[in-house]
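Participant: In this note's numbering, the protein residues as written are 1 to 120.
No lab work stands behind these hints, which were simulated from the structure alone. What you are looking at is a predicted structure, and each value in this text was computed from that prediction instead of being measured. Each hint should be verified, as a subset may be incorrect.
Each pair of labels, with its calculated beta carbon distance range [claimed, not checked]:
1. Asp6 <-> Gly61: 39 to 49 angstroms
2. Gln115 <-> Thr32: 35 to 45 angstroms
3. His81 <-> His41: 40 to 50 angstroms
4. Pro62 <-> Asp6: 37 to 47 angstroms
Don't be surprised by glycine CBs; every beta carbon is placed ideally from N, CA and C.
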Amino acid sequence: MADNHDQTYIAILGAALAKANLNALVLAENGTNQLGRPHPHHPGYRIWNGNLCRVGHHDHGPFVLEVNAILPDLMYTDMAHHRHTHLDQGTWVYCTADADGAIPITIAITQTRDQDGPGD
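Between the sequences and the hints, there should be enough to build the whole structure, so can you do that?
Facilitator: Shown next, in the form of structure tokens:
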């Protein structure tokens, strides 16, 4: 009987954690303390810490191509990677995937192109 209770308890805790993480996903894009700010011309993309990101884990290749199409000509995507973040005392910070309220994000690390050409 104790094993049955333990399994039910674990299932309830798992459901509560999943619900908390789902709520965190919704709040990251729509809440009063959003993750970064929405990109003004490209729904789904956010600007956080000076980089473009999307909530969720996305394939790096297509993500880099999409971000490069959004960026001004003087910028390019240096790399993209998956991370997790959560709210910590009102601030979004990187965290581990198993942290309370962790949400997955894909971030594009951008660079500015060198303006100097030959003979400059």
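Participant: Hint by hint, note whether the structure agrees.
Facilitator: Hint check results:
1. Look at Asp6 against Gly61: about 43 angstroms separates their beta carbons, and that is inside 39 to 49 angstroms.
2. For Gln115 and Thr32, the hinted distance range of 35 to 45 angstroms is satisfied, since their beta carbons lie about 40 angstroms from each other.
3. His81 and His41 have their C-beta atoms about 24 angstroms apart, which leaves the hinted 40 to 50 angstroms range violated.
4. Take Pro62 and Asp6: their Cβ atoms lie about 43 angstroms apart, and the range 37 to 47 angstroms holds.
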